[in-house]
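Colleague: Single-letter residue listing:
There are 2 protein chains.
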Amino acid sequence: MHITILRLGHRHMRDKRISTHIGLVARAFGADKLVLDVRDPEVRDSIKKVDNEWGPSLEIEVAEDCMEYIKDFKGDRIHLTMYGININDCINEIRKTGRDKLVIIGGKKVPSEVYSLVDHNVAIGNQPHSEVAALAVFLDRLFQGAELERKFDGRKKIIPQERGKKVIEFF
Amino acid sequence: MHITILRLGHRHMRDKRISTHIGLVARAFGADKLVLDVRDPEVRDSIKKVDNEWGPSLEIEVAEDCMEYIKDFKGDRIHLTMYGININDCINEIRKTGRDKLVIIGGKKVPSEVYSLVDHNVAIGNQPHSEVAALAVFLDRLFQGAELERKFDGRKKIIPQERGKKVIEFF
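Residue numbers (my numbering), protein chains in the order written: chain A, 1 to 171; chain B, 1 to 171.
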């Protein structure tokens, strides 16, 4: 099951850190590709820097036309929105198809077309919070925690500790 | 079980949006109190604005001395860090104590003292990603999804929809 994250509505100055967090969550929680709606070298560089140290994993690309991208995607198209169906009530159904997933994350101004183009509008609770949080919880529920045990083939690797930090570096 | 979130290392300009996302996640995912290590009216105002529309829930305070705050806390003190024990291997033990929780979220420069002051250093996976994501997944696992069905007593309330948006406003 191949997972693509589509980040809509990235605004250069305001959203650099939020979009970077989205990319890092996508990478760490088992997604395969991040698609942005604008080219932002700083976001790409921040994610690539993590890839270089901790292991490559995430393909990044820019979509010329996001609506076409959604229409053309082969698999389940899922829009994360506080207005949608509570994840508690739909995640099992979404997981069991086993098809590739496109997970769409917007900001405040998602075109209304998105709501009708997708297969599922999913709410990580029906309260306002954070697109970063929504993506992480969605992927954690989709993979049922297994994504946090995935192996990364990086220069650095953490050995989990009850106290302090232990990092092995490979040269 | 009363949940307090302690956000360490907030830097005014750089972290406003990230700290606001942390506050909104704390609010939406069932925490009771957010403690910041510096006074930042903008972060407080952003969270209070959501409280005013969607329902009050989160107490916000500033700690004069965070290390004392951690030492004095009565309950389980949990530090979220990529260097800790994978949440998959410790969440059941943490949940079953039923005691109040202090959940500590740092940035890059957490004093090493924190690692030894707490009862648990917990990793939401051992890869770098986002403090916002880490908090959301921790609370979602702690409450096993029940936090996303909590009722908020707000002016606005979403009626979950498969397509589009439905919001009831109370006056």
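Please note that a few of the clues may not be correct.
Claimed, not checked - With a straight-line Cα cutoff of 30 Å, these simulated DSS-like cross-link-like pairs (lysine-lysine) come out:
| id | chain 1 | residue 1 | chain 2 | residue 2 |
| --- | --- | --- | --- | --- |
| 1 | B | Lys156 | B | Lys48 |
| 2 | A | Lys156 | B | Lys109 |
| 3 | B | Lys109 | B | Lys157 |
| 4 | B | Lys165 | A | Lys157 |
| 5 | B | Lys49 | A | Lys71 |
| 6 | B | Lys96 | A | Lys16 |
| 7 | A | Lys16 | B | Lys49 |
| 8 | B | Lys71 | B | Lys96 |
| 9 | A | Lys109 | B | Lys49 |
| 10 | B | Lys166 | A | Lys74 |
| 11 | A | Lys71 | B | Lys74 |
| 12 | A | Lys16 | B | Lys71 |
| 13 | A | Lys109 | B | Lys166 |
| 14 | A | Lys48 | A | Lys33 |
| 15 | B | Lys16 | A | Lys165 |
| 16 | B | Lys16 | A | Lys96 |
| 17 | A | Lys109 | B | Lys74 |
| 18 | A | Lys16 | A | Lys151 |
| 19 | B | Lys74 | A | Lys165 |
| 20 | A | Lys166 | B | Lys96 |
| 21 | B | Lys109 | A | Lys166 |
| 22 | A | Lys109 | B | Lys109 |
| 23 | B | Lys48 | A | Lys49 |
| 24 | A | Lys48 | B | Lys165 |
| 25 | B | Lys71 | A | Lys109 |
| 26 | B | Lys16 | A | Lys16 |
| 27 | A | Lys74 | A | Lys109 |
| 28 | A | Lys166 | B | Lys157 |
As the list claims (entries may be wrong) - So, partial list: chain B residues that the calculated Cβ filter (under 7 Å) puts toward chain A:
| id | residue |
| --- | --- |
| 29 | Ala28 |
| 30 | Pro41 |
| 31 | Asp45 |
| 32 | Ser46 |
| 33 | Leu58 |
| 34 | Val62 |
| 35 | Val110 |
| 36 | Ala136 |
| 37 | Gln144 |
| 38 | Pro160 |
| 39 | Gln161 |
| 40 | Lys165 |
If you are wondering where the hints come from, they were derived from the structure by calculation, not from laboratory data.
Note that beta-carbon positions come from the ideal geometry of N, C-alpha and C, so glycine has one too.
Colleague: Hints first: check each against the structure and report whether it holds.
Modeller: To see whether the hints hold, each was checked on the structure:
At roughly 14 Å between alpha-carbon atoms, Lys156(B) and Lys48(B) fall within 30 Å of each other, so this suggested pair holds. Annotation: proposed proximity of Lys156(A) to Lys109(B) holds, straight-line Cα distance about 19 Å (limit 30 Å). With a C-alpha separation of about 39 Å, the suggested pair Lys109(B) and Lys157(B) falls outside the 30 Å cut-off, and the hint is violated. A C-alpha spacing of about 44 Å is found between Lys165(B) and Lys157(A), which places the hinted pair above 30 Å, so the restraint is violated.
A hinted pair counts as satisfied when its Cα atoms are at most 30 Å apart, and Lys49(B) with Lys71(A) does not qualify at roughly 36 Å. As the CA atoms of Lys96(B) and Lys16(A) are separated by approximately 39 Å, the hinted pair breaks the 30 Å bound. Between Lys16(A) and Lys49(B), the direct Cα distance comes to roughly 23 Å. Compliance with the 30 Å bound is thereby established for this hinted pair. A hinted pair counts as satisfied when its Cα atoms are at most 30 Å apart, and Lys71(B) with Lys96(B) qualifies at roughly 22 Å.
With a C-alpha separation of about 19 Å, the suggested pair Lys109(A) and Lys49(B) falls inside the 30 Å cut-off, and the hint holds. The straight-line distance between the Cα atoms of Lys166(B) and Lys74(A) is roughly 29 Å, inside the 30 Å bound, and the hint therefore holds. Our distance criterion of 30 Å between C-alpha atoms is broken by Lys71(A) and Lys74(B), whose separation comes to about 53 Å. Between the alpha carbons of Lys16(A) and Lys71(B) the distance comes to roughly 35 Å, so the proposed pair goes past 30 Å and is violated.
Of the pairs offered as hints, the one joining Lys109(A) and Lys166(B) holds, with about 16 Å between alpha carbons and a cut-off of 30 Å not exceeded. For the hint linking Lys48(A) to Lys33(A), the alpha-carbon distance of about 13 Å falls within 30 Å, and the restraint holds. For the given pair, Lys16(B) sits about 28 Å from Lys165(A) by alpha-carbon distance, which is consistent with the 30 Å threshold. A C-alpha spacing of about 39 Å is found between Lys16(B) and Lys96(A), which places the hinted pair above 30 Å, so the restraint is violated.
Restraint check for Lys109(A) and Lys74(B): not satisfied, since their Cα atoms lie roughly 43 Å apart, outside the 30 Å limit. For the suggested pair Lys16(A) and Lys151(A), the alpha carbons sit about 27 Å apart, so the restraint of at most 30 Å is met. For the hint pairing Lys74(B) with Lys165(A), the CA-to-CA distance comes to about 26 Å; that is within 30 Å, so the pair holds. Annotation: proposed proximity of Lys166(A) to Lys96(B) holds, straight-line Cα distance about 28 Å (limit 30 Å).
Note on Lys109(B) and Lys166(A): the hinted pairing holds, with a Cα-Cα distance of about 16 Å set against a maximum of 30 Å. Proposed proximity of Lys109(A) and Lys109(B) is contradicted: the alpha carbons are some 34 Å apart, above 30 Å. With a CA separation close to 36 Å, the supplied pair Lys48(B) and Lys49(A) exceeds the 30 Å bound. A C-alpha spacing of about 36 Å is found between Lys48(A) and Lys165(B), which places the hinted pair above 30 Å, so the restraint is violated.
Straight-line distance between C-alpha atoms of Lys71(B) and Lys109(A) comes to about 44 Å, which puts the hinted pair past the 30 Å bound. Distance restraint check for Lys16(B) and Lys16(A): the Cα-Cα separation of roughly 13 Å lies within the 30 Å cut-off, and the hinted pair is therefore satisfied. Between the alpha carbons of Lys74(A) and Lys109(A) the distance comes to roughly 25 Å, so the proposed pair stays at or under 30 Å and holds. With a C-alpha separation of about 46 Å, the suggested pairing of Lys166(A) with Lys157(B) is violated against the 30 Å cut-off.
At a threshold of 7 Å, the smallest CB-CB gap from Ala28(B) to chain A is about 4 Å, leaving the interface hint in force. Nearest Cβ of chain A to the Cβ of Pro41(B): about 19 Å, over the 7 Å cut. The hint is violated. Proximity of Asp45(B) to chain A is violated relative to the hint, the smallest CB-CB distance being about 15 Å (cut-off 7 Å). Proximity of Ser46(B) to chain A is violated relative to the hint, the smallest CB-CB distance being about 10 Å (cut-off 7 Å).
Look at Leu58(B): its Cβ only gets to about 11 Å from chain A, farther than 7 Å, so that hint breaks. Given hint, Val62(B) at the interface with chain A, is violated; its Cβ is 22 Å from that chain's nearest Cβ, farther than 7 Å. At its closest, the beta carbon of Val110(B) sits 10 Å from a beta carbon of chain A; the interface hint therefore is violated under the 7 Å criterion. For Ala136(B), the interface hint holds, the least distance from its beta-carbon to any beta-carbon of chain A being 3 Å, beneath 7 Å.
Checking Gln144(B) against chain A by beta carbon gives a least distance of about 10 Å; that is not within 7 Å, so the hint is violated. The restraint placing Pro160(B) at the interface with chain A holds, with a minimum CB-CB distance near 5 Å, inside the 7 Å limit. Checking Gln161(B) against chain A: minimum C-beta separation of about 6 Å stays under 7 Å; hint holds. Against a cut-off of 7 Å between C-beta atoms, the interface hint on Lys165(B) holds, since the closest Cβ of chain A lies about 4 Å away.
When the structure is compared with the earlier hints, violations turn up for hints 3, 4, 5, 6, 11, 12, 16, 17, 22, 23, 24, 25, 28, 30, 31, 32, 33, 34, 35 and 37 and for no others.
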